[in-house]
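Participant: Sequence:
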Amino acid sequence: MAIVEIQLNRLGINSLELSTDAVDVSAGTALHIRFVNHGSPTHATLRCEASAYTDFTYENIYVEGESELEIKMKEDAGTGSFDMQVITGYGMRREAFTINVLKSCPVAPSPEPVIFPEEPVAEPKRRSSSLNAGAGKAVMMLIMPIIAAIIIVLWQFFSLNIDGLAMTIVVYLIMLAGVIIAWHSAQ
208 MAIVEIQLNR LGINSLELST DAVDVSAGTA LHIRFVNHGS PTHATLRCEA
258 SAYTDFTYEN IYVEGESELE IKMKEDAGTG SFDMQVITGY GMRREAFTIN
308 VLKSCPVAPS PEPVIFPEEP VAEPKRRSSS LNAGAGKAVM MLIMPIIAAI
358 IIVLWQFFSL NIDGLAMTIV VYLIMLAGVI IAWHSAQ
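Per my numbering, residue 208 is the first one in the sequence shown, and the count goes up by one each step.
Quick caveat, the hints were computed from the structure, so don't treat them as lab data. Note that the coordinates shown come from a computational prediction; the quantities given were computed from them, not determined experimentally. Misleading hints may appear alongside valid ones.
Using C-beta positions, here's what the derived DEER-type ranges look like [claimed, not checked]:
#, residue 1, residue 2, range
1, 353, 254, 43 to 51 Å
2, 379, 325, 48 to 56 Å
3, 265, 322, 36 to 44 Å
Glycine residues also receive a C-beta, built at the ideal position from the N, C-alpha and C atoms.
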């Protein structure tokens, strides 16, 4: 029995990890896809274009904890392969694995599915740079409100000789810059 395990939300919100890059499935049998969600309930979408091998095309699954989906291969499917896309985070995260359809069962037994450890052993390198970027965004989000607060305090307590309308415009521009920075950091 061919199994692919998909880990959701294990390394962060909308994170997506696949247990394999490719899996072999015999014609007339089924591929079992097991979802394990480590966070809040989420939607996961499976999609492929493989009408020569399976009747499956698209499924949107609401995963609360663990869930399993069975994808049957056609009895008369020839030997070949196709890609299965896995999508989470409303399209933000996408991964794919290859399904190799074989005409007959392979002689060697299929390997056991990879079971992920409870805690990640090492943080992926691509994620460490995003953590540093996230810290920089957090600092940028704090700078504008702090500057605005300092200007307001100076204006109120030291009675700067600045026209009230000009000061209001400056404060609103600084607040607008903070909103723009927050909006960009959300993307």
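Participant: Could you tell me which of the numbered hints above are not met by this structure, giving the numbers in increasing order?
Facilitator: 3
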